Amino acid sequence: MIQNYFKQYTSAATLAFYRLAFGLMMLLSLIRFASYGWIKKFYISPDFHFTYYGFEWIKPIGSYTYIVFLICGAAALFVAIGYKYKWAILTFFLSFTYIELMDKTTYLNHYYFISIISFVLLFLPANCYFSVDAYKNEKLRFAKIPSWNIDILKLLLAIVYFYAGLAKLNSDWLIEAMPLKIWLPNNSNLPLIGSLLNQNWVHYAFSWTGAIYDLGIVFLLLYKRTRLFGFILVVVFHILTKILFPIGVFPYVMIISTLIFFDASFHKKVLSHIAKIFSSSIILFENGKVKAKNFSMAYKAKLAFISCFVAFQLLFPFRYLCYPNELFWTEEGFRFSWRAMLMEKAGYATFTVKDALSKKEIVVNNSRFLTPFQEKQMAFQPDFIVEYAHYLHDYYLQQGLTDPEVYVESYVALNGRLSQKYIDSKINLAKENESFKHKTWILPFNDTIKGF
Amino acid sequence: MYFCKKEINMKKLFILFSALVTIVACSSSDDNGDTTGGSNYDRKLLLTNWADNIIIPSYVNYQAKIKVVATNITAFNASPSEANLLTVRTSWLEAYKAYQYVAIYSFGKSEEINLKESANTYPTNAAGIDANISVGGYDLTLLSQLDKQGFPALDYLINGLGTTDASIVSYYSTNANAANYQKYLTDVVTRLQTTADAVLADWNSGYRATYIANSGTSVSSSVNVTTNNFVKNLEKNVRSGKLGIPAGVFSGGVKFPEKVEAYYKNDVSKDLLNTAVQASQDFFNGKHFNSATTGEGLKSYLDYVKAVRSGQQLSTIVDNQFTASLTANAALNASFSNQINSDNSKMLAAYDALQQNVVYMKLDMMQALNITIDYVDGDGD
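From first to last, the protein sequence lines stand for chains A and B.
Position 101, counted from 1, in the first sequence is what the numbering used here calls 101; the numbers after and before it change by one each time, with no gaps.
Numbers in the numbering used here are just positions in the second sequence, counted from 1, shifted up by 1000.
Keep in mind the hints are simulated off the structure, nothing from the lab.
Computed from a predicted structure; not experimentally measured.
Please note that the accuracy of each hint is not assured.
Said to hold, decoys possible - As a list, the in silico DSBU-like pairs of lysine-lysine whose alpha-carbon atoms are at most 30 Å apart: (1) Lys-1067/B x Lys-421/A; (2) Lys-1236/B x Lys-450/A; (3) Lys-360/A x Lys-1306/B; (4) Lys-376/A x Lys-1067/B; (5) Lys-41/A x Lys-1232/B; (6) Lys-421/A x Lys-1232/B; (7) Lys-1346/B x Lys-426/A; (8) Lys-1306/B x Lys-426/A; (9) Lys-360/A x Lys-1259/B; (10) Lys-421/A x Lys-1109/B; (11) Lys-41/A x Lys-1259/B; (12) Lys-421/A x Lys-1044/B; (13) Lys-345/A x Lys-1259/B; (14) Lys-359/A x Lys-1236/B; (15) Lys-359/A x Lys-1306/B; (16) Lys-104/A x Lys-1044/B; (17) Lys-1255/B x Lys-345/A; (18) Lys-1183/B x Lys-376/A; (19) Lys-1346/B x Lys-345/A.
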C-alpha cells in the first residue's frame, strides 16, 4: 500500500505555483525587513547577540550581514523563477536559516516554518514546470510529479495549524480567555469592531473560535466540498490577526501557502495568467511526461530520510513533556513548537555583579549592553537570562573583577497573573550553564495551567 | 456547505482578496502610533487632570516655598542670628518637601535645565562648596557644579558648618570669609529659584497645551513620558536614593549612613521619604495637589482597562502597597543615619516594600496600560 502511494502522480503545476509564490513572498519579506532598517537595528548595532544552544557560532558578521541578506534575497528570486533551482533553494535555505539563527531575540515561529519548507523544497523537483530551468532544458520538463511532493508540503502546513490549535487547548486560553482579554481591548479604537473588543464575551468568542479554527481548518481545506469555504475562513482569520496584532508578513505567508490545497486546475490557471504577461504559455510544460521514479536505493534512502524528518516534526513539539513544571513559565520546549500568540508575558530583571574577593557589587544597567528589544525578550526567558549573565561575567572579568558572580532579581507576569519572582536570586548564574536539562534555578510558578 | 462550481471563480476571489488587502492597508496606514492604538480611554482628560490639578499646582507650591527660603536667607544675611537661622531651616525643610512633589515630573523644561539634578544631588560635595566659597568664580549652571548646590548644599550651609547653631551663624557674621558665605547661600537659593521659575513659566506659557494635545500612545506621548518618569523617580530617586544606597543594598552590604538625604540636618530623612512616597501615591491615585479631591489618574486608567491581577484590581494592589510602604517607613528612626547604624534591617524592609511596588508598576501596570518602558517595534508572533 505504501509502495502504491509513492507511485501516485499529480500535476507539477501545483508545485511550480508554490515555488513561485514562496520565492516571491520571501523576496518581498526580505525587502520589507531591510527597508525598515531592521538589519542594522537587530543584527549590526547590538554589541551582544543571544544565540541558540548548539549554534553559538552563528552570529551576525558586521557589515557583511548585509551580504547574507543580499544573497538570501537573490536566492529567493532565483527560486521564484526556477533558475538554477537546486543551488538557489540550497542557498536560500542556508542563508535564511543563518539569518534566523543569528539572534534568538527575533525568534518567530514563521521563520522556523520558512526554514523547514525551504529544507523540504530542496528535495522536491519544483523546477520541472514553469521554470527557467525547464524552459531552457527540455530534459528537466515534466507535467506530472509524485503526489507525495505536494502532500508533504500540505502535511507541514497541517502540522503548523493543528499543533497551534492543540497548544490553545489550555485553561488560560479557553477558560480565562487569556491573553486575548488583555490584547483585544488595545484595539478598541478600531472602526466598526472596536467597541466589541472591550466585551468579555468577545474575548471568549475569539479564543474558542481561534482554537477551533486552528484545529479544523486543514480538514476544511482537504475536502473539495468545503475547500472554498475553508479558504475564505483562512483569509478572514489571517487578515483579522493582521489588523489586531503586529505580526508582520506571517498572515500573507499562510494565506498564500494554503492555496496549495486547491486543485491543479487552479494553479495552472494562475500560471497561465502569469505566462500571458510574458507573452508565453504553459503549454510548453504540459508535455505529458511523468517524473516517474524507479525505486533505486538512492530514492529509497531519500524517502526514508524525509519520513524521518516528518516524524521528527511530529514529535519535536512534544518535547516539553520531558520537563517538569509549567511550560509557559519555564519555556523549556516552548520554541519550535508552533506556540504562537499564546502568552502575554513580561519581565523585569535587575542584574548584580559581585567581585568574589572584595564582595563589591555593581548593579547592571541593562540598556548599556542590550537593545530595548533584547532587554524585553531577555527579562522573561531563562535561557536568555543565563546567557546574558555569562556575558556580564566575561565583561566584568575583563574589567578586572575577581571571578565575578552574577545574580538576578527578576519578576515575571504571565497571562494576567500578578508578577512574581522568577529566578532564584541567590544563584550565581555565572556558574549555571545552558543545556537541555531542566533549569532548577527557575522559581516555582505556584499555579497550574491545564491542557496541552 | 457545498460549492457546486467546479472551478473557483478567479475574478471573485481576486476581488475578495483585494478588498481585504485594502482594509488591512487602510487600517495599518493610520496606525502611525500617535493618534491611534490603545483603548478608548480619554487620555486628554487624564493629562488635563495631571497638568491642571497636580503638576502645575505642585510647581506653584514649590516656587512659593523656595521664595520663602530666599526671603529668609536675605533676612538672615542682613542680620545673621540663631533665630534667623532657625527660620531659614524651617522654610528650607518646607521647600525640600515641596520638591519631592515636583521630582516626579522630570520632563520638558525640567529635564532640559536639570531641575532635579541641580536641586537634589546628594551626598553634597562639602569640600567643593568650601573651595567655591574661598576661591569664588564658580558657575552653578555648569554640570560639574551639580553636587555643590540645591537642597543638599543648603543643608550643609545651614546645618553642617558647625556643631552648634552659634558656630554656624559665626560663618556668616564673624568669619573672615563671611561675605563669601553669605553670597554662596544667596547664589544657591537663587539658582533654585531660577530653575523653578523657568519650569513653571514654561508650563504656563504653552507647554500645558502641547502636553495635553500629545495624548497618543507613542513612546514620546505625554502619558508614556509622564508614567515613565513617575516610575523612574520612584525607582531611582526614592527607592535607591533615599533607602537602597545608604542602606548598602547596592554595595554588598557596605552601609553609607553619610549618604542619606539631608545628612547634616539628619533628623528629617524619614520626613522627606514619607513625603516622596505620599506624593507618588497621590499622583497614582490622581489626587489633586493639596486637596482631598481625586480625578483621573493611573488608578482610574487601570480600572478602565479592567486590570485585574490574581483576582484583585491592580489599582488596589498598587495603592495598598503604597500604604504598606508608609507602614514600613513608620518603623524607621527620624534619622536614617541612626537607623542604619542601629538596625539596618528596618531600612531594608522599607526598601523591599517600595521595591515591590516598583515591580508592580514597572511590570504589571506598564503591561496593563500597554506603555512601553522603551520603544520596541519588531514583529511579534
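We went through each hint and held it up to the structure:
1. Pair hint Lys-1067/B plus Lys-421/A does not hold up; C-alpha atoms about 46 Å apart against a cutoff of 30 Å.
2. Pair hint Lys-1236/B plus Lys-450/A does not hold up; C-alpha atoms about 40 Å apart against a cutoff of 30 Å.
3. Between Lys-360/A and Lys-1306/B, the direct Cα distance comes to roughly 44 Å. Violation of the 30 Å bound is thereby established for this hinted pair.
4. Between the alpha carbons of Lys-376/A and Lys-1067/B the distance comes to roughly 44 Å, so the proposed pair goes past 30 Å and is violated.
5. With a C-alpha separation of about 26 Å, the suggested pairing of Lys-41/A with Lys-1232/B holds against the 30 Å cut-off.
6. At roughly 20 Å between alpha-carbon atoms, Lys-421/A and Lys-1232/B fall within 30 Å of each other, so this suggested pair holds.
7. At most 30 Å may separate the alpha-carbon atoms for a hinted pair to count; Lys-1346/B and Lys-426/A meet this at roughly 21 Å.
8. Of the supplied pair hints, the one linking Lys-1306/B and Lys-426/A is violated, its CA atoms being roughly 35 Å apart against a limit of 30 Å.
9. For the given pair, Lys-360/A sits about 17 Å from Lys-1259/B by alpha-carbon distance, which is consistent with the 30 Å threshold.
10. The suggested pairing of Lys-421/A with Lys-1109/B is violated, with an alpha-carbon distance near 37 Å, which exceeds 30 Å.
11. For the suggested pair Lys-41/A and Lys-1259/B, the alpha carbons sit about 40 Å apart, so the restraint of at most 30 Å is broken.
12. For the hint linking Lys-421/A to Lys-1044/B, the alpha-carbon distance of about 35 Å lies beyond 30 Å, and the restraint is violated.
13. This hinted pair does not check out: Lys-345/A and Lys-1259/B have alpha carbons roughly 37 Å apart, beyond 30 Å.
14. For the given pair, Lys-359/A sits about 23 Å from Lys-1236/B by alpha-carbon distance, which is consistent with the 30 Å threshold.
15. The hinted pair formed by Lys-359/A and Lys-1306/B fails the criterion: a straight-line CA distance of about 45 Å is larger than 30 Å.
16. With a CA separation close to 39 Å, the supplied pair Lys-104/A and Lys-1044/B exceeds the 30 Å bound.
17. At most 30 Å may separate the alpha-carbon atoms for a hinted pair to count; Lys-1255/B and Lys-345/A exceed this at roughly 36 Å.
18. Under the criterion of a C-alpha separation no larger than 30 Å, the hint pairing Lys-1183/B with Lys-376/A is inconsistent with the structure, at around 50 Å.
19. With a C-alpha separation of about 33 Å, the suggested pairing of Lys-1346/B with Lys-345/A is violated against the 30 Å cut-off.
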